[in-house]
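Asker: Throw the hints in and build the complete structure from the sequences for me.
In the working numbering, the protein residues as written are 6 to 570.
The set of hints was computed from the structure by calculation and includes no laboratory data.
Each hint should be verified, as a subset may be incorrect.
As the list claims (entries may be wrong) - Each computed SDA-like pair below joins lysine to any residue, with the alpha-carbon atoms no more than 20 angstroms apart: (1) 75 x 40; (2) 69 x 99; (3) 329 x 351; (4) 75 x 351.
Here the structure is a predicted model, which means the values were calculated and not measured.
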Amino acid sequence: MKLRGVDWVFVVAMLLFAAGLRLTGIAFGQPDSRFAQTMLANNLLPENTPLHPDEHVFVHRPLKMLLTGKYNPEFFINPSFLINLNFFTYLLTDSGDGLTTANWEGVSGRSQTPFRFFIIGRTYSALGGMFAVAAVYATALRMRDRYAALVAGLLTTVAFPLVQHAHYATTSSLAAGFVAVCVWASFASLRQVRHRRVWFLLAGIAAGLATGNRYNASAVSIVVFLAGLVLLYRHRTRQMLTTVLAGWALFPITFVITTPHIIFDTQAVIHDFNYILGEYVGGDNSRFTTSMGMFFEYRYLILYGIGIPAAMMVLLALYAAWHKRPHQSDTWLCHNSLTLYTIMLLLYALPYSLFVLRTARPIDADQLLLPITPIFTLLAGIGAAWFDDHVPNFAVIRRLASAGLVLIVIVMPLMMSLQFVRQLATRDTRQIAQEWVYQHLPAGSRIQLSGPYNVPLDPADYQWTQTVASDLITLDELREMQVDYVILSDAWYINNFRADEIVPQSYRDELQAHLDLLRQNLIEVARIDRPQWRGNDDMLHTASYYHNPGLIIYCTNAASCAAVR
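Answerer: Pasting the structure below:
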């Protein structure tokens, strides 16, 4: 379907809106030079800087490769596309000039990379989100019509998981973008007479790029495989056979190019792959697991990711595909139809759901939804178009209903995304607490940071130690360490309290008892409350875990309490 001038205006506006949602707040966590002078002067980043917990891997590893001349990232829990992309960006832009590994001695890997490098990785992630928006719009246009494309494109623009993870220098947003491009190119190869070969080859490349960002995104190769079979059925020529085989081959070839150490360090890649597979499928190293992972994943996607109205539109899309199915069995593969496209999407979505989303550890596993979210936003657009077709055909009513349906479908995820972007555009509670500490606590004080996602402190200014996750420090340990102040982050506690469907009551009671112990035996001198998020009671709502924890600052003795300014 050829785009009109007004369509191009809408597409540009939609992409600008998508860019605004993904780029607003992209510099979250930027250190304040007033409170990290020594660290920043040495091109280091304070520990506990408000970042996504995995970002440092994809930012620090390529910098280490650049500065050491050793080109093995030695990290294959995720494929290497983003690591290598960042590496070549650093190399071509001379970003490593003036940097050295000499300052890294005794410093955590999370602190070894200057903040500006995170912006580079986040920008690529945002671009991946833009790919998803454009590709879903184009695919819906091919599958149905302009209205379907409008709804699907806007829903992809505002879908909360896609907006959230586009702000992180991680691989999930890029994987989602290449999945969407793969589906678009696969369907285009079935429809386009001209350049069919190019479209199918692009589909294979996009599948390889998706896999090069997340192993689980390799499931989208099912769509490429099915499209190839349909092409072979329709065009039984040697040229088509060559095209299809080339497209299929480009999938693994592209993946190997993104992660070349699958050849050069095969044992390490297999080791890390088995590790991450065991973590999410079998729940290895997880204290609490469940057999209901797929239920929790889809509940989160429906309630907060795309919203209930969009989920209902997905069901309508499935009904529409069934209703419009070809009634002659010999025409199923010969002609393009909504039914054929939907079957291809389902044959990707169902295995992905059964193998990946049925994770044993759904807590904080919202990133597993990203490679499949564009499929649901696409189907929601198709369902909305079917619903719009069945509105009474009175001019005014039809137009109002069409506009109203768009708003109904996108409003829930839009509110989630706006809430998230607004939070990132303001100072994190850890930065607020950091300023309070520097203004009110004497320099050189001994501070115990209790729990992860805590306050960033320069070791030149304060003597700080930290316990994370399940390490619950006792009062005797605090006395032995001669701690002056304790800063408690509620992130770990809240994350377990809200996962009451998985975390047993006994452990939640243990955590609550520890909180009560600190409250009853220490003196609170300051408190920064966590903001209220819609969805923050869901175990998959990582935004309220990674950002803006509640923080309580305690003094431990009369002298330290008196020293508070």
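Asker: For each hint, tell me whether it holds in the structure or not.
Answerer: Quick rundown of the hints versus the structure:
| no. | hint | verdict |
| --- | --- | --- |
| 1 | 75 x 40 | 34 angstroms, violated |
| 2 | 69 x 99 | 14 angstroms, holds |
| 3 | 329 x 351 | 16 angstroms, holds |
| 4 | 75 x 351 | 43 angstroms, violated |
Of the numbered hints listed earlier, those contradicted by the structure are 1 and 4.
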